[in-house]
Every structure is written in C-alpha cells, then in structure tokens.
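Take the sequences, apply the hints, and build the full model.
Heads up: the sequence lines are chains A and B, in that order. For the first sequence, this note's numbering begins at 1 and goes up steadily by one. For the second sequence, this note's numbering begins at 1 and goes up steadily by one.
Hints are computed from structural coordinates only; laboratory data are not their basis. In this text the structure is predicted, and so the values were computed from the model without any measurement. Please note that the accuracy of each hint is not assured.
Derived lysine-lysine pairs resembling BS3-like cross-links, with alpha carbons at most 25 angstroms apart [stated by the list, open to error]:
(1) B:46 to A:43
(2) B:12 to A:43
(3) B:31 to B:46
(4) A:43 to B:106
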Amino acid sequence: EVQLVESGGGLVKPGGSLRLSCEASDFTFSDYSMNWVRQAPGKGLEWVSSISSGSSYIYYADSMKGRFTISRDNAKHSLYLQMNSLRAEDTAVYYCVRDSLSEQGPDFWGQGTLVTVSS
Amino acid sequence: QAGLTQPPSVSKGLRQTATLTCTGNSNNVGKQGAAWLQQHQGHPPKLLSYRNNNRPSGISERFSTSRSGNTASLTITGVQPEDEADYYCSAWDSSLRARVFGGGTKLTVL
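This is how it looks when you write it as structure tokens:
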C-alpha cells in the first residue's frame, strides 16, 4: 500500500526555518511528480510547490517563492521542503502529495505534519 | 494566484442527488479538466476523480464528474450520511504554471 509519511513539523518563531521530510514507500518513487500542499487551521487547501520525477521541473506558489525550496532524493525515496523566513501565515498542516502517472490528479496524500509559526 | 470558484456550501437530503460545481478559466479547467477530492474532518484529502473523469480504484460509482467549458462538476447520486465532507477541485494552470484549488464546498446531508 502506498505510504507517504511526513516529518519535521513543529513550533518555530517568525523568521525561523524548518525542513520538512516525506518518506515514500510501496511505489516506484522516481517515476512520480510530487507536491507539497498545505492547509491552515479551518481553511481550504493551498498548493505550495511541485517537483517533477527527475527534479527537472520545479514550481512554487507566488507567496513561497524565494523562501521555500523543494527537493527530492530518489535514492532515499524522500521529498523535502526547506522553509525559511517563516511567517505566522505559514502556520498550517503540510501534506506530501503524489501526482498520478500522466499527472491526472493528486492521488495519494500523507497524513500531514503541523507547522506552527508563533513567538 | 487566483483559485477555482466553488460554492461554500451545499445541503441535500438523504438519497437525493447533489451537484457541486468548480469554475475556472481556459488556462486551467477549460484546458485540462479538474480533479476532485473529498476531505472528512480531521483526515487528509482523498482523490475521488481524475482530471479525465475516471475514478480511482475503490471509489463508489455514486460519484461522477463531468466538464463543460470552464466549469467542472461533481455529481453525488443517492447522498449518504458518510458523504458529509468538504469537496475540493484541483487543476493545473498552464499560464500561472501553478496548481490551483477551489475554496472547497461543504456538503451537509440533511
């Protein structure tokens, strides 16, 4: 069964940094594009960033450009999100999400990791 | 980045048919269709339908999707209590080079 397990969330002060990780299992990780999607408490889904299977194509939401960096290590079946200059509005559950082959939709979601930015 | 437009809430009686809409533009829904997701309170979202309107394995036939122009629709036939959830549409915007989500529709089963 496909599994995506996020880690690295926690409490951080405004202006601080955090690195999220997502460990994938039970599928050929290197074949799939991956994403980070976040959800602020009581709010809807917000796309953060996407990375293609071989890391050739990387995209960010405007509000994350220059602050967040997505990366992956196919040998370790892992996806990462380095988050710098964190703001209170970055407080959210961050989900690791797999895109289906042929990119027909986000077909598997991790359980999420909570990031809280507060002084 | 502009998102997709969904009605905030829809209420339906048990066993009625609910139709949820998702409106975008020619760069996203109109060009590539939309995927649909269901999220129950306290759980991560689950994919209900691919952009091509096919259902992933294990998704009930009561959930069907379609698209007309820049608007995608999710139809839930014979609404059940367990269908009470938030529903999101998602599409890739080729102009923005970004994934966009709708704001979500909360389905209440009366």
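Do the hints match the structure? See the list:
no.: 1; hint: B:46 to A:43; verdict: 17 angstroms, holds
no.: 2; hint: B:12 to A:43; verdict: 23 angstroms, holds
no.: 3; hint: B:31 to B:46; verdict: 23 angstroms, holds
no.: 4; hint: A:43 to B:106; verdict: 12 angstroms, holds
Of the numbered hints listed earlier, not one is contradicted by the structure.
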